[in-house]
Structures are given as structure tokens and as C-alpha cells.
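**Student:** Here is how the chains run, residue by residue.
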Amino acid sequence: MVKRENERIPVSQQAHIVDKPKDLTTIGGTISVQINEKKITVPLGTTILEACQLNQIHIPTLCHHPDLCIAGVCRVCVVDVEGMRTLQTACSFPITSPIKISTSTQMVRKARRHIIDLLLSEHYGECYSCFRNGNCELQNLAKEYGVDNYTFGHVETPRYEVDNSSAAVIRDMNKCVLCKRCVRTCIDLQEVGVLEAINRGHETHVGTFLDKPLADVVCINCGQCINRCPTAALRANDPSDEIWAAIDDPKKHVVIQTAPSPRAAIGEEFGIEPGKSFTGELNTALRRIGFDRVFDTNFTADLTIMEEGTELLTRLKKALVDKDQSVKLPQFTSCSPGWVKYIEHFYPEFLDYLSSAKSPQQMFGALIKTFYAQEAKIDPVDIITVALMPCAAKKFECNRPEMVDSGFKDVDYGLTTREMAKMIREAGIFLPEMPKSQFDDPFGDASGAGLIFGATGGVMEAALRTAYELVTGREVPFKNLIIEPCRGFEGVKQASVKLENCVEQYKFLEGVDLKFVVAHGTANAKIVMEMLKKGELNDVHFVEIMACPGGCLGGGGQPIPTSAEIRAKRAEAIYEEEASLPIRKSHENPHVNYIYEKFLTDGPCGKLSHKLLHTHYTKRGKYIS
Amino acid sequence: MESIKTLNKKRSGPVLFSEYKLGEGVKKALELGRENILFELKGSGLKGRGGAGFPTATKWMLTAASNSDKKFIVCNADEGEPGTFKDRVLLLEYPELVFEGMIIAGYTIGAKNGILYLRGEYEYMLKSLEDYLESLREDNLLGNTILGKKDFNFDINIRLGSGAYVCGEETALIESLEGYRGEPRNRPPYPVNTGYLGHPTVVNNVETLASVPHILLKGGDWFRKHGTDKSTGSKLFSVSGDCEKPGVYELPWGTSINELLELVGAKNTKAVQVGGASGMCLPKSQFHRVLGYEDVATGGSIMIFNESRNMLKVLKNFMKFFVEESCGQCTPCRIGNTKLLEAVEKIEKDDFTFLYINNLKELGRTMQVASKCGLGQSSPNSFISILENFKEEIFGSKGKGRKNG
Numbered sequence: 001m002v003k004r005e006n007e008r009i010p011v012s013q014q015a016h017i018v019d020k021p022k023d024l025t026t027i028g029g030t031i032s033v034q035i036n037e038k039k040i041t042v043p044l045g046t047t048i049l050e051a052c053q054l055n056q057i058h059i060p061t062l063c064h065h066p067d068l069c070i071a072g073v074c075r076v077c078v079v080d081v082e083g084m085r086t087l088q089t090a091c092s093f094p095i096t097s098p099i100k101i102s103t104s105t106q107m108v109r110k111a112r113r114h115i116i117d118l119l120l121s122e123h124y125g126e127c128y129s130c131f132r133n134g135n136c137e138l139q140n141l142a143k144e145y146g147v148d149n150y151t152f153g154h155v156e157t158p159r160y161e162v163d164n165s166s167a168a169v170i171r172d173m174n175k176c177v178l179c180k181r182c183v184r185t186c187i188d189l190q191e192v193g194v195l196e197a198i199n200r201g202h203e204t205h206v207g208t209f210l211d212k213p214l215a216d217v218v219c220i221n222c223g224q225c226i227n228r229c230p231t232a233a234l235r236a237n238d239p240s241d242e243i244w245a246a247i248d249d250p251k252k253h254v255v256i257q258t259a260p261s262p263r264a265a266i267g268e269e270f271g272i273e274p275g276k277s278f279t280g281e282l283n284t285a286l287r288r289i290g291f292d293r294v295f296d297t298n299f300t301a302d303l304t305i306m307e308e309g310t311e312l313l314t315r316l317k318k319a320l321v322d323k324d325q326s327v328k329l330p331q332f333t334s335c336s337p338g339w340v341k342y343i344e345h346f347y348p349e350f351l352d353y354l355s356s357a358k359s360p361q362q363m364f365g366a367l368i369k370t371f372y373a374q375e376a377k378i379d380p381v382d383i384i385t386v387a388l389m390p391c392a393a394k395k396f397e398c399n400r401p402e403m404v405d406s407g408f409k410d411v412d413y414g415l416t417t418r419e420m421a422k423m424i425r426e427a428g429i430f431l432p433e434m435p436k437s438q439f440d441d442p443f444g445d446a447s448g449a450g451l452i453f454g455a456t457g458g459v460m461e462a463a464l465r466t467a468y469e470l471v472t473g474r475e476v477p478f479k480n481l482i483i484e485p486c487r488g489f490e491g492v493k494q495a496s497v498k499l500e501n502c503v504e505q506y507k508f509l510e511g512v513d514l515k516f517v518v519a520h521g522t523a524n525a526k527i528v529m530e531m532l533k534k535g536e537l538n539d540v541h542f543v544e545i546m547a548c549p550g551g552c553l554g555g556g557g558q559p560i561p562t563s564a565e566i567r568a569k570r571a572e573a574i575y576e577e578e579a580s581l582p583i584r585k586s587h588e589n590p591h592v593n594y595i596y597e598k599f600l601t602d603g604p605c606g607k608l609s610h611k612l613l614h615t616h617y618t619k620r621g622k623y624i625s
Numbered sequence: 001m002e003s004i005k006t007l008n009k010k011r012s013g014p015v016l017f018s019e020y021k022l023g024e025g026v027k028k029a030l031e032l033g034r035e036n037i038l039f040e041l042k043g044s045g046l047k048g049r050g051g052a053g054f055p056t057a058t059k060w061m062l063t064a065a066s067n068s069d070k071k072f073i074v075c076n077a078d079e080g081e082p083g084t085f086k087d088r089v090l091l092l093e094y095p096e097l098v099f100e101g102m103i104i105a106g107y108t109i110g111a112k113n114g115i116l117y118l119r120g121e122y123e124y125m126l127k128s129l130e131d132y133l134e135s136l137r138e139d140n141l142l143g144n145t146i147l148g149k150k151d152f153n154f155d156i157n158i159r160l161g162s163g164a165y166v167c168g169e170e171t172a173l174i175e176s177l178e179g180y181r182g183e184p185r186n187r188p189p190y191p192v193n194t195g196y197l198g199h200p201t202v203v204n205n206v207e208t209l210a211s212v213p214h215i216l217l218k219g220g221d222w223f224r225k226h227g228t229d230k231s232t233g234s235k236l237f238s239v240s241g242d243c244e245k246p247g248v249y250e251l252p253w254g255t256s257i258n259e260l261l262e263l264v265g266a267k268n269t270k271a272v273q274v275g276g277a278s279g280m281c282l283p284k285s286q287f288h289r290v291l292g293y294e295d296v297a298t299g300g301s302i303m304i305f306n307e308s309r310n311m312l313k314v315l316k317n318f319m320k321f322f323v324e325e326s327c328g329q330c331t332p333c334r335i336g337n338t339k340l341l342e343a344v345e346k347i348e349k350d351d352f353t354f355l356y357i358n359n360l361k362e363l364g365r366t367m368q369v370a371s372k373c374g375l376g377q378s379s380p381n382s383f384i385s386i387l388e389n390f391k392e393e394i395f396g397s398k399g400k401g402r403k404n405g
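Top to bottom, those sequences are chains W and R.
Residue 1 is where the first sequence starts when you use my numbering, and the numbers rise one by one after that.
Residue 1 is where the second sequence starts when you use my numbering, and the numbers rise one by one after that.
It is worth saying that the hints were derived from the structure and are not from the lab.
We treat Cβ as the ideally placed atom computed from N, Cα and C, and that holds for glycine.
Hints are supplied without guarantee of correctness; some may be wrong.
[Claimed, not checked] Covered by chain R, per the in silico footprint, the following chain W stretches (three or more residues, Cβ under 8 Å):
| hint | region |
| --- | --- |
| 1 | 82-91 |
| 2 | 114-123 |
| 3 | 199-207 |
| 4 | 385-391 |
[As the list claims (entries may be wrong)] Among the chain W residues that face chain R by a calculated CB cut under 8 Å, a handful are:
| hint | residue |
| --- | --- |
| 5 | Gly-72 |
| 6 | Val-73 |
| 7 | Arg-75 |
| 8 | Val-78 |
| 9 | Met-107 |
| 10 | Arg-109 |
| 11 | Tyr-150 |
| 12 | Thr-151 |
| 13 | Phe-152 |
| 14 | Val-155 |
| 15 | Pro-158 |
Put together the whole structure using the sequences plus the hints.
**Tutor:** Below, the structure written as C-alpha cells:
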């Protein structure tokens, strides 16, 4: 009956304590309970909260999050269970006997109100000057319970200094309500473990190791904590003021590249249900805001496929033909800056496995200030490159000291989906009503292969479409180019494609079973890395890892809230749009071919490519002085 | 060390502070067998001596009934309740009772490992207790095939706490044992199902376990003869404060506060705090009440305050303690206690309205029902009882003529 899914997670923090029976028709499979005079039947082990949700009974929650294990610490969800001396938290109480539950007795209502009052008394909340105004769970609770005065006082001066040391994530503990969602995100969901409760009693706060600034600990900047924070205690480092300044400066030529995931989610910021893409509308909105050019990051995603694919084929050749023992296989993707920092901190000895290809964002930055500057005859000094990303870590990535291969800072600002939506609103634009428009040349509209980078497995799928065809001269043997084993949200996926009847150049791959692994979320990355350590990946050739659950579409810069359901809808939007595109293979993107003809003339992984499109990594380790 | 013992043990009673010969309890237990042990235990009516008073036999039965391959018996020696020092005396003077209680528990529930969770401040006993365990191993009371009983293997190790009061709460204690922050878990599941490392675990107070060998030797019925119907046997009381003879007393349940005060030589007593900081504060008018689960339940802490004491200061001291010792996990306890302390400070400064005080008493009642563990559920007890029982003294001339007064 007792389940310990993960030995590392304290029992108290496991999602489901009681195994739900597989067959509900067996005796004891379900149980009848009474909730507020209503008799219902639920599977044994269902929590009171789940039972209520299934029956349209609203229970307020705060520390509960569908992605995270149960904490039961905020106590807002207390209900009355007949026969129990104290109130019970609906989120944590598994139903294993025919209990009688009341969800809104006087005692319950009073307790909830008290708890909300207590939280408000310690929350440095100035709602109108807060970026979560209108999207704050504490604010919603106060509204729901009609709080019209601070019964137990109110913090009027901040107690903690705001930690804005990190390029990506800003922590303002004055707004923290100690729900510990960030702690559970960091420790349990991502298994990074930067944040934990420190001290005891009234001095309890969420902090880092020795309360160091976030920039000085092993934070990978994934920003997943931001997405799960119910208040504004965590936010991304917002560069929109600088971007506005650049737009307002007539001397500056401000270009923006937009990644695939923001367009599949930004509608949520405008009240649209998840699952609808606004690619064309976004392009128009960006031009109206004042961006001089709007480029599609998918272009460099296609380029990444060419570079990373070529790198893989080179590694394979060295390993299979030249029998070079020093070649590291499998090759790991390097598009996700959260993942890159994760491996730099936690597995620095395996950095050679990482593809040297830059992420699409950084490739684009380097090309804009070289190739594009040349073509458009603009002095790169006057070009400001902005990257619209679903990601918090991209902000750190563009500030890496080595990312200046164009001779300038390749990407000036990383902007999240949330911040972009804010700028659009500020400009008085209602995104969903915008007319559609295309991306600007010379990069144009990219292939569908680049678009699916947004979902976990997308890079792998795109790479296989190209690599398989390069090697065999035929399309991948999957219907409509949809490589099913790459899709879906399973934590670690493994599959293989057999290479047969290879073209002359790649005869050395004849009969090779091209094996690949796809993982998303750093907790799953850890599983993969441990497999690598144990030598269990010796026959694998290519591994895709994304730091965020669900891939980029679940990134730390995406609209709040997030859940598995929302992420699945965003994935649907991406795959749907992809299926409708005329070009769906990176190597068929005419703009990619154009750039190799005109600019990167020595081809993928050539000399210029290496200078502009490839990078190196830093062995950071876990100990930072 | 010797001085601590003699200073503390003030009155011997029929159960714990009585004659006992090493090994007798375990020997008897092995003769009786599991069912009979549980039968005697149930017959004795022994309830948890830590304060919560859960029937020990039930706890053991629940664990014995689970068919997990690994089970644990944990002795809670994190004696942290202010004013409690009885476990210290037991561990120093009667370690055989405590350890034999654990061995018997291990035999009954089918555990192979026992853990003594020793309060960090009791580190000075660690060496002697370790030595004692070693001698028990030599006597074959620990180790393999204990006293020749086939397949009965059991050993005990000692783990030190780090000074958090909340780690006396059984699930926080288990988290601490597992190496995590000492924070209480959600219940259910209870430790009897999902305890240490996820295995069924019995967590018993030192005194509870120390009672077991005597019960087995003399029978549940004998134990029942002492005390009252609902509170059987005798209890150790840690008496401190304004009295002539502070110390540890073994008294039958059902003793009235008045009787106890007389026994310890307390004079001009104004208030008795029963059950430590988390207990209740009784005024003179309630000294006729009796100690027992049915009336004034307690883990054994008795603090005596005479007429010279300022009850508001007493309360402030308790509240400061809780503000600091709350684990900080759940809202009602973490913030609630600071609000109660704030109220005490405001009363001190005569800066309050009675509406505000009533609001805080209400908050206290919420904390009692909505906090995650016993700490937050009991921390408002002294706030509510002191403000109610010593109204005259505390408010006297204060708060007069105010609005909402």
C-alpha cells in the first residue's frame, strides 16, 4: 500500500501516499464518501481535494500545485472531517474510509479567513506596483474571502533585500508566503536543489546555500520556480525598459527574433484558452511596437540542425571509421541554456559530450550582427538584438562572456513571453485582434522542423528528419514525417531508427541502428546522466535534453499558471501549426541553403561556422567560491 | 552526574521507580509470546506518556499487523517540553527499563531495529548509554538470537537530535532521523503505516517504554489497579518552580493538584502550568482538578508559580518560546504565534482594545484546529488559559475606557 516513488523525496512530500487501485470494480476499489450532504463514490486513496474538484466543489488552495508533490503547509484548504479533533487539509488527506466531509462550516470559513489574514500580515503586498497584479493567487484568495482590512496588521517596510544578482531570476522574499512551491520545484521537480527553507519559526525564509546571492550558487536559471510562485516573490529579470529605450532611439536598429514557444502561449496572457498559436498576429504586433525587423528563431533552429547534425555525423565517422577512441558519444544537444548550466555545474566531466553548436538564439545573434548587418548595410554598432524566448535562462545565456563572436554582444536582451505581453499591452495592442503578417527576410519563414523545437523531442525529430534523409537519400520512414517516438511527455524516451541503403558518402553507417534518447526537465536529465555514468548509453548516438518540463513550451518565461494540461495544449498548438507548413525539413529551408551559399561558404561546421555558430563550455562544478 | 540523579528523583512509586532486575522483562516477554504481550498491554490500559495519550497497545497492534518486511521502533527521548526532565532520570537511572521496553516492542511488532532519538542537550549521556547498550549486547539482550530465542534479532542505536523542540513531534522526529529538516509530516499516513524510511514505525515516549517491562512482569490487571479508570498506572511528574522540593515524582494518576502542591511543599501558589509551555495554566480555583487523561492531561511537566509571579511575563516567556520553536512550515503556527506574542507585548504596554484581544483568542482557536501538528495546535493553550484565568491580574486597570472595551 505504501509507495515511495523516489527514495530522495521525504515521505511527507510525496504526491500520493496511497496507491490507487488499478481495477476500480474490485471490492475496495472505490469508496463512498459524503461531502456536504452529497454522497459520492471515488477511487480509494483519492484526496479530499481531488474528490471535491471532481464534483465541482471549490476548495481554496495556495501551496498546492498540480506539478508538485503535496506539502500541506499553507493550511488554506482545511475542511472538517467528522470525528476528527482538528481540521484536515483537503490536499493531503487520502480518502480510505467512508468519511463525512464538510467544506464550509463556520469553523472552516473562520480558519481559512484567519490563515489568509495571517499570510497578508507578513506579505509585503503593494498590489498596484506588483507585476503579478491581477494574476496573484494570494490576491485572489483575499478577494474570494472578502478581506477588507488587515486584521492582524500589515508589513509596511520591506524586511529583506531584493536579490537581483542573477541575470535571470530575481527573488523578493518580502512577497514570499512560504508555500514552498519554489523549494519543491527546485528540489523535487528539477532536482537542482538551490532553494530550501532556512531557519525556524518566525525567521523561516526560503534561501540559498548560506543565503548567498542567486548568481553565486548552482542555480541553472530555468525559472521553473517563477512559473510556480503564487505571488511575485520570484520574477524574471525584465529588460523591457532598456528595449523601449532602444526602440525610442532613432539611431538604433532594433531587431527581434521570436522563438517557437512564445507564440504558442502568448495568447494566454490575453485571456485566450491555452492551445492557440498567434504567430502572424505577434509579428504584426511587434512591428507596431516599433521593432525594425521581426525574425523567426526557427531559422537558426534549422541551422542548428545542420550544424549539430553535421557534428554528429562527423563524430560517428570518427568513431566508426577512424576508430577514434577519444570521440564522445552519444552527442548531447546544447540548445537549452538551463541544461547547459546544469551539466556545467553537476556533470562538468561530461562537457565533451555536449554538441559545440550554440543555441538557436545565440546563432541568430551572431548572424544578425554579421551577415544581416552586411546585407542590410547597417553598422552592427547600431543594431540591438532582442530575443523573445519562453525562457529565463536565455537571459543568462546572452550575457555569457564568450557570446561575443560577432565582435559585439551577439544578443543584447533576452525577453520572456510574459514581458513581451506586457510590452504589447503597454503599446495599447490587443494581440488576438491583430492582422497576420510574415517574418522578415533575409531569414524569412522557417521550416516546421525548427518550429517543433518548442516541444520536448522536437530537436530530435527535426534532426532525424534531416539526418536520415542525408544518410539514406530517403524521407524518414514515418507517416507524414511525424516521428511518434519523439513526441509525448514521458520523462525519458528511447527509440531507434535503422539506417539502410545509405548513400555513398555515408556507407559507413549502413545497418546502424541510430539510437536516441529524449529527456525533459533536469530531474530526467539527471537520470540520463547517471545512465551515461554507468555506461548504459554506450550504444546511444544522440541525446536531446531540455531543462524544462515539457521542453521550451513549459519554459520559465512562459505565461503563469502552468500545468501538464496547459503544456499539452501548447504542444498541440505547435504540432498543429507545424503540420500546416509547406517546408518541414531543415535542410529544405531555402534561406538556410542561401546562407551556406552566400555567407558560411565552407559549409556546416566549417571555419566561419565554427567561429560564429559554435561555442565552448565552462567546467563550473558544484563549488563556487 | 550523580548529583543530577539524587537531586531529581523525589518520590518513588509503584511502577517505574520500583525494584527491577535486569533482563526479567525481556525474559518474561519471550515466555508470553506476542499475543499475550499485546493482551497484557491492552489490559493495562497504558497510554502514551509523551502527552497525547494514544493507547500503546493499539499503536503496537497496528504496526504488528502490517506485513512489511522492515519495521522500526523509535524511542522518543527528545525531551524538549519546557519543565520536563523525567526522561532524563529514567535514562540515567533506569536505562534497563527503557531499553528492555524497546526490545519487547521490537519483539512484539517484528522490528529488527530500534532507534533512541536522544535530545541534543543530553549528549552528555551518550557515552554511558552506548556503553550500556554494549553491556546489553554482552548479556545477549541485544544482538542475534536474543536470550536463545530463535530468529529474534534486535539491536538499538542512538541518534542525537540537534535541539529543535518540534523534533519531539513524532513525524518531525522521523524526518530528522532521515536527515531532513525537522518538519512534521502530513497525517495520515501515520507512522504506524509509513514511518522511518517509509516503513511501519512505532514511536513511543521513554516513559511509555519503561512501563512495559513492569506491566509484563506483574500483569495488566496489577497496573490497572493504580490510577483511575481512564488513566491507569502511575505517572512521572517533573515538578519545578516555586516549591521546596522540586524534582521527579512518581504518583498515581488521579492525584489532585492540591495534593501534589502539598507533597512538593509549594506555598502561596497562584498558578500551576500543567503540561509545559504547550499545556494549560490553572488558577487556584481549579486546584481541585485531578491529573489524568480525563481531566488535566499532561506529559508530566508541572510548573508552580507563587503569588510573586507576573503571569503576563510567564505568558510572554512561553510565547517567545513558540515563536522561536515553531518549525516555520505551516501558516497558523509560524505567523499565529508571532501575533500572539505581539498581543502580549501590546498588553504589557497597555496598547490594545478588547476587540483585538478577542480576535487573537479566536485566532488561537483557529491555530488549535488548523495547525499541521501538535506544536501549533497546543501553543495557543497557555495564551488562552492565562488570559482567561488571570484576567483580573493581567487586565486589571488596563484597557479601561477604550472603544470596543
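**Student:** Could you run down the list of hints and mark each one as holding or not?
**Tutor:** Comparing the hints with the structure gives:
Counting residues of the region 82-91 of chain W whose beta-carbon sits less than 8 Å from any beta-carbon of chain R gives 4, enough to reach three: the coverage restraint holds. With a threshold of 8 Å between beta carbons, the proposed coverage of the region 114-123 of chain W by chain R holds, since 6 of its residues qualify and at least three are required. Taking a C-beta to C-beta cut-off of 8 Å, the region 199-207 of chain W contributes 6 residues in contact with chain R, enough for the three needed, and the coverage statement holds. Counting residues of the region 385-391 of chain W whose C-beta lies closer than 8 Å to any C-beta of chain R gives 0; at least three are required, and the coverage claim is violated.
Among the interface hints, the one on Gly-72 (chain W) holds; its C-beta lies about 4 Å from the nearest C-beta in chain R, closer than the 8 Å criterion. Residue-level restraint check for Val-73 (chain W) holds (minimum Cβ-Cβ distance to chain R is 5 Å; threshold 8 Å). The closest approach between the C-beta of Arg-75 (chain W) and any C-beta of chain R is roughly 5 Å, which is under the 8 Å cut-off, so the hint is satisfied. The closest approach between the C-beta of Val-78 (chain W) and any C-beta of chain R is roughly 5 Å, which is under the 8 Å cut-off, so the hint is satisfied.
The beta carbon of Met-107 (chain W) is positioned within 8 Å of a beta carbon in chain R (closest approach about 7 Å), and the interface hint is therefore held. At its closest, the beta carbon of Arg-109 (chain W) sits 11 Å from a beta carbon of chain R; the interface hint therefore is violated under the 8 Å criterion. Here the hint on Tyr-150 (chain W) is broken, as its CB sits about 12 Å from the closest CB of chain R, past 8 Å. With 8 Å as the threshold, the beta carbon of Thr-151 (chain W) comes within range of chain R, its nearest partner Cβ sitting at about 6 Å, so the hint holds.
This hint holds: Phe-152 (chain W) has a C-beta 5 Å from the nearest C-beta of chain R, less than the 8 Å allowed. For Val-155 (chain W), the shortest C-beta to C-beta distance to chain R is roughly 11 Å, which exceeds 8 Å, and the interface hint is violated. Taken as an interface hint, Pro-158 (chain W) does not check out: its beta carbon lies about 17 Å from the nearest beta carbon of chain R, beyond 8 Å.
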